[in-house]
Amino acid sequence: MVKTDVMTPFVEAATPPGKTGLWWFLASEIPVFGGLIASYVVLRLGSSGWAEAASHLNFSYALINTFLLLTSSMTIVMAHAAARDRSFGRASLFLGATVLLGAGFLGIKALEYSGEIAHGFTPAAGIFWSFYYAMTGLHALHVLVGIVANLTLWIDAVRGRLARHPHRVEVAGLYWHFVDIVWIFLFPLIYLS
Amino acid sequence: MSRDFHSVHSEPSGFLRRYVFSTDHKVIAKQYLALSMFWGLFGGATAYLIRWQLARPEAEVPGWGYVSPDVYNALVTMHGTIMVFFVAMPFLLAVFGNFLIPLMIGARDMAFPRLNMLSVWVFFLASVTLLASIFVPGGPASAGWTGYPPLSAKPEYTGVDWGLNLWILALALEFASFLLGGINFLTTVMNLRAPGMTFFRLPMLVWMQLIAAVVFMISVGPLIAGAVMLLLDRIAGTTFYLPEGGGEPLLWQHLFWFFGHPEVYVILLPAFGIILDVMSVFSRKPVFGYRPIIYASLVAGFLSFVVWAHHQYISGLDPRLAMPFSVTTILISVPFSFVVFSMIATLWGGSIQFTTPMLFAVGSLGVFIFGGLTGIFNGSAPFDIYIHDTYFVVAHFHSTLISAVFFGGLAGLYFWFPKMFGRMMNETLGKIHFWLTFACFILVFGPMHLLGLGGMMRRIANPLQYDFLKPLEPLNLFITIAATVLILSQVIFVVNFVVSLVRGKAAASNPWKANTLEWATASPPPHENFEKIPSVYRGPYEYSVPGASDDWLPQDRPLADAGAAAR
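In order, the protein sequence lines correspond to chains A and B. For the record, in the first sequence the residue sitting at position 107 is 106 according to numbering that gives the first Met the number 0, with numbers rising by one throughout. For the record, in the second sequence the residue sitting at position 247 is 246 according to numbering that gives the first Met the number 0, with numbers rising by one throughout.
What the hints contain is simulated information worked out from the structure, not anything from laboratory work. For clarity, every value in this text was computed on a predicted model and none was experimentally measured. Virtual Cβ for every residue (Gly too), placed ideally from N, Cα, C. There's no promise every hint is true.
Across the chosen pairs, the derived CB separations fall in these ranges [said to hold, decoys possible]:
no., chain 1, residue 1, chain 2, residue 2, range
1, A, Val144, B, Arg319, 39 to 45 Å
2, A, Val41, B, Ser350, 43 to 49 Å
3, A, Leu105, B, Lys153, 28 to 34 Å
4, B, Phe376, A, Gly33, 31 to 37 Å
5, A, Val41, B, Lys430, 50 to 56 Å
6, B, Gly348, A, Val144, 52 to 58 Å
7, A, His55, B, Arg55, 33 to 39 Å
8, B, Tyr294, A, Val41, 30 to 36 Å
9, A, His55, B, Trp120, 42 to 48 Å
10, A, Leu191, B, Leu330, 51 to 57 Å
11, B, Leu297, A, Leu105, 55 to 61 Å
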């Protein structure tokens, strides 16, 4: 049987382990993208011809995607605020909006990829395209993971189970912000330079 | 509202939940121990084949047969990969970190027990993937454990196709497993310490595991990205590392060594933690300079990120970069010398008990000084350009890593075996094991420096094809014989381990009279570690306190008792 008499933690108002763990997880994610971005920057500075390749990218799609992600960062903060105030109906609304915005991002990304591949710009089309697909692809995978996490919370919210662990919205939000921030770096590096 | 963050789960009853899919950190540590011992034997077998091939290049290896150059390339690749990623890391980080961190901080389990189970199973998957890579058509990876492109970037260069793809996958899974483990270690220590367990009352081992976890976490990311890029080059036609498509082979070297050098300290620091803990107990003295050692290790961890290009002095790097990287590399010897001097000062004037764990700890210190000194030579570019890619570097590398993994790790295993399995190991066999290992180690790796200075390069299957290496043949044979004895003497350890497991003397809860919290509970500890979460009153190394009745003061003994003892 579980003994309950001595379970009080050392620090009464401690951060939940999930939050501490997620911060460390993000700390481990930064070098993954950091290494990729640094490699991209160094190689791009050292060689010519990348700007020409980059000019074939679809800037409008990327711009719309930037707006979608930034908006989704706002909606997840509102979901967190709603969960903190224990108004779970509102939380489910904003979580749903976040999921939809994330899915919209992936949909537009898919359109963008298919257009580029149709024009022959596959990952094998040159070093710029190698980097383009690796960086945006890894980011898209992270968006996908975030959507799954937010969707799980949305289902909990709709079924009225979010009350048991409202702090999870904050943890999911931290991850979602990270995904957003990575895009804030990728967008100018790939599309604007 | 007080929240309960200890992840307590009542003890499972079924065999599978108890021993296979367990979330108990102690069981998970033993699973890692079993896997790392399996890989240790495997890696030892590859070392045996490599050494006999070098001693008698044109003859058959005893007990195996003819080793072709292709097989030799695969052997050296697998030896490095296995020993660094599948022996050293699971043994030093996963076994001791998992078993000891919750016990030493007074917690019931890790912060995320299910994540912990996931990490061991991801590591198991990595092991299976690496094993599978040996049996696919074309054989296992043979581009060296460093996997330099363009050799590794195209299947036609080595003749290995899926073997190398699986090698990359195995490493990626291994990294994922240890990232999960590191997050768990850090969160556990930050959130689940027992009342009174402040950060500066943590045992050295916990501190070193934390620093290692952070260093690993920061350094491995770029290599994960780099490994994905290498895999894409091989299977998706990208050209990250291929010059013909605008790529850059040197990029991999930078990504690899940005990880590879800190990785050495990821392995070394937990070993230092073990050695410091063991030395303090068996010299009945506090660790000399507890806080400065922590600061020095943090400085060394930081410096390890700005030294990576010392592996690339002859890679076509801009020569102007050699000097800054030489300076930072040699600078690292300052914090490490500090730790070494602290170890010696810990021993100084103590009432030393030469038990088996203490012998291994002191042996580890000696071997590390030996390996560390040649590191200063290697770090200096003018010297390194001469000995680069020779057996001098191989000898240096093995001196540092064997001191950590082998001597440090075994010191820990002999020391905590009673706590892990509730039985004592045989001291006589342990001492024979130590002296044979130590003597053979010196006979193998001492002369190996001479091979390197004689110009013998690494990763060649047949040194006799060069006239200038022919005089080295007797030396090679000598090293091989010593290495064979070294490998055979590990049988003593295996026998001791297995026999002690079954019929060793039952261990008391605190057989070594040590202070830290893991000794405050039964051997082996119950499912929830402690009957009652202990309260901590002092630091971990209060040995031979003047005026105290005993020469040790456990961390969880209330002050009133200590005061009474002092009076």
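Here is what the structure says about each hint:
In this structure the supplied range 39 to 45 Å holds for A:Val144 paired with B:Arg319, their Cβ-Cβ distance being about 43 Å. A C-beta distance of roughly 57 Å is found between A:Val41 and B:Ser350, which places it outside the suggested range of 43 to 49 Å. Distance hint for A:Leu105 and B:Lys153: a CB-CB separation of about 32 Å, consistent with the stated range 28 to 34 Å. Our hint of 31 to 37 Å for B:Phe376 and A:Gly33 holds, since their Cβ atoms are close to 32 Å apart.
For A:Val41 paired with B:Lys430, a C-beta distance near 54 Å keeps the hint of 50 to 56 Å intact. Separated by about 56 Å at the C-beta atoms, B:Gly348 and A:Val144 satisfy the suggested range of 52 to 58 Å. The hinted window of 33 to 39 Å between A:His55 and B:Arg55 is violated, with their beta carbons roughly 60 Å apart. Range check, B:Tyr294 to A:Val41: about 33 Å between beta-carbon atoms, so the 30 to 36 Å window is met.
Between A:His55 and B:Trp120, the C-beta spacing of about 43 Å keeps the proposed range 42 to 48 Å intact. For A:Leu191 paired with B:Leu330, a C-beta distance near 39 Å fails the hint of 51 to 57 Å. One distance hint, 55 to 61 Å for the beta-carbon pair B:Leu297 and A:Leu105, is violated here, with the actual separation near 41 Å.
When held up to the earlier numbered hints, the structure conflicts with 2, 7, 10, 11 and fits the remainder.
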